[in-house]
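**Student:** The primary structure of each chain is shown beneath.
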Amino acid sequence: MITFMFNGERQQLDVAADMPLLWAIRDHLKVNGTKFGCGKGLCGACTVHLDGAPTRSCVLPVAAVAGRAVTTIEGAEHDPVMTALRRAWIEYGVPQCGYCQSGQLMSAAALLNGNSRPSDEDIDSAMSGNICRCGTYSRIRKAIHRAAATLASPGDTAGIEQYAGAGFGNFVELKAVAVAPAGAREEGQS
Amino acid sequence: MNTVVTSRRGFLKVGAAAGGGLLLGLSSGCSVSGSQTYKTGKPVADDTAQLNAWLHVTPANELVFYLDKSEMGQGVTTGLPVLVAEELEVDPAQLQLRMAPVDDIYKNTAFGMQLTGGSTSISSSWELLQKMGAAARQLLLAAAAFEWQVEVAELRASDGLIHHDASGRSAPYGEFAAIASGLPVPEVVKLKDKKDHKLIGKYNHRLDAEVKTTGRAQFGVDTEVPGAAVACVVRCPQFGGRVEGFTDTRARQVAGLVDVFAISTGVAVVADGYWPARKAADLLEVDWNLADAVRIGSDDMMAEARRLGRESGKTAREEGEPERALAGAATVVEAEYELPYLAHATMEPMNCTAAVTAESCDIWAPTQLQGLVPGIASAITGLAKDRVRVHTTFLGGGFGRRAALDFVVEAVEISKHLQRPVKVIWSREDDMQHDFYRPLAYHRLRGAIGEGGRPLAWQQRIVSPSIEGQTTAVMGTAFFPHWVPDGLRDGILGSARYLQEALTVSRGAVEGADDMPYAIDNLAIEYKQFNPGVPIGYWRSVGHSHTAFAVESFIDELAHAAGADPFAYRRTLLAQAPRHRGVLELAADKAGWGRAAAGRYQGIAVHRSFGSYVAQVAEVSVAPGGKLHIHRVVCALDCGRVVTPDIVVAQMESGIVFGISAALYGAIDIDQGAVSQSNFHDYPVLRINESPQIEVYIVDSDEAPGGVGEPATPPVAAALTNAVYAATGQRLRQLPVKLKA
Ligand code: FES
Ligand code: FES
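These protein sequence lines map, in sequence, to chains G and C. The working numbering numbers the first residue of the first sequence as 1 and each following residue consecutively. The working numbering numbers the first residue of the second sequence as 1001 and each following residue consecutively.
Among these hints, one or two may not hold up.
[Stated by the list, open to error] Think about it this way: if two alpha-carbon atoms lie no more than 25 Å apart in a straight line, the pair counts; the simulated DSS-like pairs of lysine-lysine are:
| hint | chain 1 | residue 1 | chain 2 | residue 2 |
| --- | --- | --- | --- | --- |
| 1 | C | K1740 | C | K1627 |
| 2 | C | K1740 | C | K1590 |
| 3 | G | K30 | G | K40 |
| 4 | C | K1192 | C | K1202 |
| 5 | C | K1590 | G | K142 |
| 6 | G | K142 | C | K1202 |
The hints are simulated quantities; they were obtained by calculation from the structure and are not laboratory data. Treat the numbers as computed from the prediction; the structure is a model and nothing was measured.
Next comes chain G alone, as it looks inside the complex (with noise of 0.2 Å):
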């Protein structure tokens, strides 16, 4: 039995001592927003923060955060660092596929936690464990200088809703999808 802090709340989970972090959490605390890119350390969509540094969970043992502090996108989600980089994101349109982006968000709060006002330079050392693989490099690099200069000055408050895009009917509801038999349809699909 391995008890941490996940997102604010004790957890305690009975797995293989051996399991990734990564796993642990998708398969076992069923929280999806934490991405499984490459299983070895080389993508960064993994990547959580771990009493709030930056980490790779596919390659952490679950073992090895007993007694300690997980946070993932969805924990932070609240998280003014957060959320002035979400709101950057999305200014900047950033995502494409999304894939990368949990990932890509966690790195850059880790990366303004300590440094308010990162260069370019920081910003490529930081962010260079995160891949994206749709090339949104550039709009990530605006993305963060944005965000840095928003919690500098704290007055600019334009609010996410302003950017908030349409409803995604089955697309954040799959979790709650039942199997039900075909027959119980309403008239079909050929």
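Could you slot chain C with the ligands onto chain G? The hints should help.
**Tutor:** Positioned in the frame of chain G, the structure of chain C with the ligands alone reads:
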């Protein structure tokens, strides 16, 4: 229950016309274009209105848009809503998006099947979705006219409301949904003029950005079906190998293991989560039957391609007398270009979830090709196609990889065997070693230069496997009814493949070369087919990914041999190709062609693909040790009409980064029939610290929309290597690049 159901009644109102066009108003009736008031005595069937296959309005004023293209980053979750919203007179953010199910009405008109690819989402939806929005608006106006007993001409639709200015009344669309659904569909719809567009060409938010910054966006791998197990599949490392037998004693000792059994692609190892399944898969010992396996390596394959390049091939294009012109020319330039197999390496590894029961089959897939899923699932399960439901998720990248259905086949086979829901998850290693690769390609070019440096002849021979031949064999399965015996089906498909390869020039191998735009009197483009047995597929920009490199490198070589400036040389030869020339001039102008800072060098390339024209100038420096630094890429695009400009810019950035990754690093090597690379350490892709500054300029155009997902990728490798030549005098004819110190 969130399964998307669209009613057949709704579909009947919009029919596909012969030849793939669209007719409104097959059900006939009155025209809304006049100002008559509708008098319909028809009872309303239900209280929601499926106005057509794309739009559904509820009395609670939810405007549901059924998205029939897969979102893989290219922006269809914004671009297509904008098309519909322009005519429906709503804010695109007001639309509730749902993925469309599989249905004939959603067939991509460019392909005749429901799929997302070929950079066609906007071009194939452009008119259709504007018409759907306009027709829906007209129905709602007609319904309001009936409800309020006024003339349609007195009504106005804006911001999701219908207004009757004379009486000061206004009400949301939802109030008229029920009546509208009972009205005949208008026969004629008039679309707005460009000058009246409020959204098209202007809308610059990205609607899926918000959900993709919270971790809530659901990709295929995030599918959670109650009671689902997780499967890993162990596949033969050598292409063409089959399972002979396996020993699972040690695998079965892993806690949480559910079952181990052979399927068509290898051995399925099923457990109660990914980690135990992966651990058990690593402990499985498989005895492979290698009788039909590929034995050779990519070096042998390229050597064979070079050998075949000495023989003449099938003619893809011929003008004048190239052989004679070459024989008589004072200067002949010859070059060979070689490009390797490439993996897609989408950020989200392949995966699929399936739930097969005795009566039905549900499939949750990040797929670009949902249209063939019911056929394939039906062939595997024996269920009728209409018992198969497809749920398309967000795709963590596609790039053509997800137009293959191997991962769907696995999920359906495993779920059928276990009769319980199963999620198949590939590791990165599985993904890289069992891809459908961009085929290797060998180009042999000869050019003759005449007086004043003018090119007199261009002869190009392309040796590369035929994607169409393979696709015929692989995809054909979906078109056969499930009762056709496997042997017969395979026989038919095998001969179809043979005929395809033997008789035709592969479009996927010559596109971008046989429509080469330079004015040269004597021209021959030939294709030579060969099939080394490695699975190949559609990789972002397909054949253009190698033809543009060869063509744009060789024209540069001719320019230098002629002692001309590479930009000016191209420009002269493009006198009859105004759109090529337009982007070429724009890119050169914006990049400050010929005026690079000290120590920096420029290279240029121009290429048309997927209906769009792209020119790029790459600016590089090369350090004394041979270390290449790409400072800047300036990109000019003419894609005709633009719907969402910022997403177009993003696609250029994306395509450029993708092309640079391939040019600098991309190589899948085959050794004894197996892929040598396995993960991002030996198949590197560009990272943020290597990513150049990218500037994109879009030509203002009234031409029909072209594609944007792929066209930025083809020219960048040549722009880059042409810049390296300018910097060092090294002509790089093989990708990925290797610079000498
Ligand atoms: S999945 Fe952990 S670094 Fe790639
Ligand atoms: S947005 Fe697709 S991988 Fe980064």
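**Student:** Compare the structure with each hint and give your call.
**Tutor:** How the hints compare with the structure:
The suggested pairing of K1740 (chain C) with K1627 (chain C) holds, with an alpha-carbon distance near 9 Å, which does not exceed 25 Å. Using a Cα cut-off of 25 Å, the hinted pair K1740 (chain C) and K1590 (chain C) is violated, with the two alpha carbons roughly 31 Å apart. A threshold of 25 Å between alpha carbons decides the hint, and for K30 (chain G) with K40 (chain G) the separation of about 21 Å falls inside it, so the pair holds. Restraint check: the Cα-Cα separation between K1192 (chain C) and K1202 (chain C) comes to about 15 Å, which is no more than 25 Å; the hinted pair holds.
For a cut-off of 25 Å, the pair hint linking K1590 (chain C) to K142 (chain G) stands: about 21 Å separates their Cα positions. Distance hint between K142 (chain G) and K1202 (chain C) is fulfilled; the C-alpha atoms sit about 22 Å from each other, no more than 25 Å.
Comparing the model with each earlier hint shows a violation of hint 2 alone; every other hint is respected.
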